[in-house]
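If you want the building blocks of each chain, they are given just below.
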Amino acid sequence: MTVNAAPETTALPRQGTLSIIWQGLTRNKSGFAGAVIVLLILGLAYIGPFLIDRHNPSDGAKVWQAPSAEHLLGTNLQGKDTLIKVILGGAEPLWVGILAALIAVGVAVVVGSVAGYFRGKVDTVALQLTDITLTIPGIVLMLVLTTMYRSISATAIAVIIGVTTAPVLVRSIRAQVMSLKEREFVEAARLQNLGAGRIIFTEILPNMGGYIFVNFILAINNAIYALVGMYLLGLLPSTADNWGLMIYESWNSGAFRLPRALPYIAVPLALIILFQIGLVAMSRSLEQALNPRLRER
Amino acid sequence: MAVDVQAPPDKEVDTPVPPRRRRNLLSRIWRIYLVRRLVYAVFVTWLVMTGTFFMVRAMPGDPVEVLAGRLSQQGINLEQARQQAKQSLAYDPDAPILQQYWEYLTNLLRGDFGMTISQRGTTVVDHVMEYLPWTLFSVGAGMVIAIVVGMGLGMVMAYRRNGWFDHLLSNIASTLSAIPNYLGAMALILIGSAWLGLFDFWSMRGRLSEGVEPGFDAVFFGDALYHAILPIVTYAFTITGGWMLVMKASTTEVLSEDYVTVANARGLKGRRVGLAYVGRNSVLPLVPQVALALGTLVGGAIIVEQILSYPGVGQLFINAITKRDYPVIQAVVLILTVAVVFSNLVVDMLNSWLDPRIRTGDAEEAGA
Chain A
1 MTVNAAPETT
11 ALPRQGTLSI
21 IWQGLTRNKS
31 GFAGAVIVLL
41 ILGLAYIGPF
51 LIDRHNPSDG
61 AKVWQAPSAE
71 HLLGTNLQGK
81 DTLIKVILGG
91 AEPLWVGILA
101 ALIAVGVAVV
111 VGSVAGYFRG
121 KVDTVALQLT
131 DITLTIPGIV
141 LMLVLTTMYR
151 SISATAIAVI
161 IGVTTAPVLV
171 RSIRAQVMSL
181 KEREFVEAAR
191 LQNLGAGRII
201 FTEILPNMGG
211 YIFVNFILAI
221 NNAIYALVGM
231 YLLGLLPSTA
241 DNWGLMIYES
251 WNSGAFRLPR
261 ALPYIAVPLA
271 LIILFQIGLV
281 AMSRSLEQAL
291 NPRLRER
Chain B
1 MAVDVQAPPD
11 KEVDTPVPPR
21 RRRNLLSRIW
31 RIYLVRRLVY
41 AVFVTWLVMT
51 GTFFMVRAMP
61 GDPVEVLAGR
71 LSQQGINLEQ
81 ARQQAKQSLA
91 YDPDAPILQQ
101 YWEYLTNLLR
111 GDFGMTISQR
121 GTTVVDHVME
131 YLPWTLFSVG
141 AGMVIAIVVG
151 MGLGMVMAYR
161 RNGWFDHLLS
171 NIASTLSAIP
181 NYLGAMALIL
191 IGSAWLGLFD
201 FWSMRGRLSE
211 GVEPGFDAVF
221 FGDALYHAIL
231 PIVTYAFTIT
241 GGWMLVMKAS
251 TTEVLSEDYV
261 TVANARGLKG
271 RRVGLAYVGR
281 NSVLPLVPQV
291 ALALGTLVGG
301 AIIVEQILSY
311 PGVGQLFINA
321 ITKRDYPVIQ
331 AVVLILTVAV
341 VFSNLVVDML
351 NSWLDPRIRT
361 GDAEEAGA
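Chains A and B supply the protein sequences, listed in that same order. For the first sequence, my numbering begins at 1 and goes up steadily by one. For the second sequence, my numbering begins at 1 and goes up steadily by one.
Read the hints as simulated data drawn from the structure, not as lab findings. Hints should not be assumed to be uniformly reliable.
[What the hints assert, rightly or not] Pairwise CB distance ranges (calculated):
1. A:22 - B:109: 34 to 44 Å
2. A:234 - B:214: 50 to 60 Å
3. A:47 - B:192: 28 to 38 Å
4. B:259 - A:19: 37 to 47 Å
5. B:43 - A:110: 51 to 61 Å
6. A:184 - B:35: 34 to 44 Å
7. B:110 - A:234: 36 to 46 Å
8. B:192 - A:32: 46 to 56 Å
9. B:92 - A:198: 55 to 65 Å
10. B:140 - A:195: 50 to 60 Å
11. A:69 - B:73: 13 to 23 Å
12. A:53 - B:214: 49 to 59 Å
13. B:160 - A:198: 33 to 43 Å
14. B:200 - A:58: 25 to 35 Å
[Stated by the list, open to error] Residues of chain B clear of chain A, computed beta-carbon distances all greater than 10 Å:
15. 34
16. 103
17. 265
[As the list claims (entries may be wrong)] Interface residues of chain B toward chain A, partial, derived using beta-carbon atoms under 7 Å:
18. 115
19. 119
20. 169
21. 171
22. 172
23. 179
24. 188
Since we're looking at a predicted model, the values are computed, not measured. Note that CB positions come from ideal geometry on N, CA and C, so glycine has one too.
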């Protein structure tokens with residue numbers, strides 16, 4: 001490379017993170033389908049509750065009714081309408097999953113970028129810590145941590161899941177920071193003595209926005225896996241309507257064997273599985289857009 | 001490969017260092033690296049073990065309190081229930097915690113995992129060994145199926161890449177890998193048993209049917225398989241997708257290598273190129289990943305076993321947590337940790353053997 005070429009490469013054409021994400025999701029059919037599924041389910045969980053009458057009284061005369069015109073998905077053990085419970089039950093698990101993912105990505109970005117940028121002792125310590133945390137199966141750590149509190153808020157669950165799933169992401173964020181650090185524009189910023197914090201936050205991280213977003217999607221996936229798992233083990237307190245608890249109730253009482261009671265477990269189950277499939281389809285298509293080499297594979 | 005083995009003597013003639021000393025030095029570094037990794041593995045195990053010891057005791061309620069609570073529900077007054085619980089359990093809640101830790105640690109060094117709290121007179125080892133083989137069998141079988149099928153299909157996908165077959169399988173693989181294993185197990189039962197009635201889930205729970213005794217006969221193996229088939233299918237289905245995608249990527253990379261082009265140009269038969277050149281070289285980079293997957297084998301089974309009522313380590317662990325059976329919880333976490341730490345160690349050894357830069361200190365250029 002000649003000396004004259006250097007200034008041109010430093011003026012890297014910055015493509016906005018949003019446009020990268022948009023491209024990544026629209027260029028590929030399955031990625032687009034995944035995004036549509038995820039948005040529809042989010043819409044059901046967060047806009048749906050405002051469109052319906054949330055009043056859902058229990059009725060002893062209507063226990064486990066089959067789907068009918070009055071109750072499209074039938075009723076549950078307390079005679080409550082299943083459809084209303086489905087519409088109201090998504091907000092909490094999805095919110096916990098998203099919040100946990102935000103925490104996990106936040107922790108991973110801070111630890112990963114500091115470790116990858118400074119290297120040396122900081123890096124060694126950070127890597128050892130993540131390796132040790134990775135050694136313990138995450139679900140075991142979460143089980144013990146959640147049992148430590150008798151009553152636990154949704155936010156606390158999200159914090160526990162976020163912190164325990166963060167180590168999985170640290171390594172990949174660190175690797176990405178390390179490779180960006182060697183690029184010319186970061187070198188130029190370093191020569192100007194901009195300071196490490198500013199270089200990380202204004203030069204490196206904005207250039208890996210799409211990459212962080214992929215990690216965020218995968219983190220939601222991990223968090224929902226852990227969260228629903230803990231609901232199914234009966235470790236989380238029962239609160240209002242919640243997909244995880246609907247599945248748990250039906251499975252534990254054996255009600256899923258009644259054909260007329262099937263929607264009560266099948267619908268939330270299908271929604272969670274679809275959400276996970278949608279997320280993975282999105283992340284795969286985004287990865288292809290970010291890493292053109294993958295496209296040929 | 002054969003060429004590599006013969007090469008060093010020729011080179012050594014040119015080097016100023018006498019051949020023998022150089023080999024000693026290399027083997028010394030190798031040994032130091034191994035020692036370093038071993039010490040680290042032991043250290044991590046100890047750290048996790050100690051953390052578990054104190055964390056389980058920080059959970060609200062101790063074994064005596066849990067049992068007393070259950071007894072008092074049967075109508076005994078609380079003080080009496082507590083006395084009775086204390087007598088029937090092998091646990092003294094009033095012993096200082098550091099003393100308990102010291103006893104646990106010294107016993108462990110002698111290979112003694114202690115006694116269970118909830119079942120008086122049973123050692124932890126016996127208790128865990130009653131559950132562990134069933135988990136290893138079911139998860140192991142599922143994983144072998146997944147790896148074999150996944151690698152086979154992944155290779156086919158790479159050969160037909162960008163064709164309709166590849167697109168179909170890629171989408172199936174990414175869908176399968178997205179489904180949480182325990183939800184997959186539930187979906188399997190809801191569709192297969194509750195809806196279509198293809199099999200009877202209720203008779204498939206547990207390890208064995210009533211009246212079947214363990215022994216070396218067809219009845220026992222048949223029945224064990226009948227009860228394990230749902231977990232096996234669950235694991236196989238949810239793990240296969242990931243291996244398909246990994247294998248496809250690895251094979252695609254190998255297919256673009258010059259030696260494959262040369263082999264084809266030399267007119268070697270397609271099958272020979274496929275197996276000896278492509279197959280072997282695309283499986284090799286995945287060997288460390290197989291070792292890693294083996295380490296996490298048991299951890300992934302905890303919720304699935306609970307859902308499918310399959311009495312393996314996962315169920316044991318959940319029961320131990322609800323009964324606050326500290327020694328059992330500790331033993332299970334210890335087994336899981338040792339499995340992960342030592343499969344990591346094996347992976348490191350494999351990698352350093354495949355790529356010598358790692359053990360000579362140029363880890364950064366070699367790794368990441």
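Each hint tested on the structure:
1. A:22 - B:109: 34 to 44 Å: Violated, at about 59 Å.
2. A:234 - B:214: 50 to 60 Å: 31 Å, violated
3. A:47 - B:192: 28 to 38 Å: 35 Å, holds
4. B:259 - A:19: 37 to 47 Å: 41 Å, holds
5. B:43 - A:110: 51 to 61 Å: At 26 Å between Cβs, range violated.
6. A:184 - B:35: 34 to 44 Å: 42 Å, holds
7. B:110 - A:234: 36 to 46 Å: 37 Å, holds
8. B:192 - A:32: 46 to 56 Å: Violated, at about 32 Å.
9. B:92 - A:198: 55 to 65 Å: At 58 Å between Cβs, range holds.
10. B:140 - A:195: 50 to 60 Å: Hint holds: Cβ distance 53 Å, inside 50 to 60 Å.
11. A:69 - B:73: 13 to 23 Å: 44 Å, violated
12. A:53 - B:214: 49 to 59 Å: 58 Å Cβ-Cβ, so the 49 to 59 Å window holds.
13. B:160 - A:198: 33 to 43 Å: About 49 Å separates the Cβ atoms of residue 160 of chain B and residue 198 of chain A, which means 33 to 43 Å is violated.
14. B:200 - A:58: 25 to 35 Å: With Cβ atoms ~33 Å apart, the hint holds.
15. 34: Fine: 18 Å to the nearest Cβ keeps residue 34 of chain B off the interface.
16. 103: Correct as stated: the minimum Cβ-Cβ distance to chain A is 21 Å, above 10 Å.
17. 265: Holds, since 22 Å exceeds 10 Å.
18. 115: Result: violated, 21 Å to nearest chain A Cβ.
19. 119: Result: violated, 21 Å to nearest chain A Cβ.
20. 169: Violated - the Cβ of residue 169 of chain B stays beyond 7 Å from chain A, reaching only about 12 Å at its closest.
21. 171: 6 Å, holds
22. 172: With a minimum Cβ separation of about 11 Å from chain A (threshold 7 Å), the hint on residue 172 of chain B is violated.
23. 179: Constraint on residue 179 of chain B satisfied, holds at 6 Å.
24. 188: 11 Å, violated
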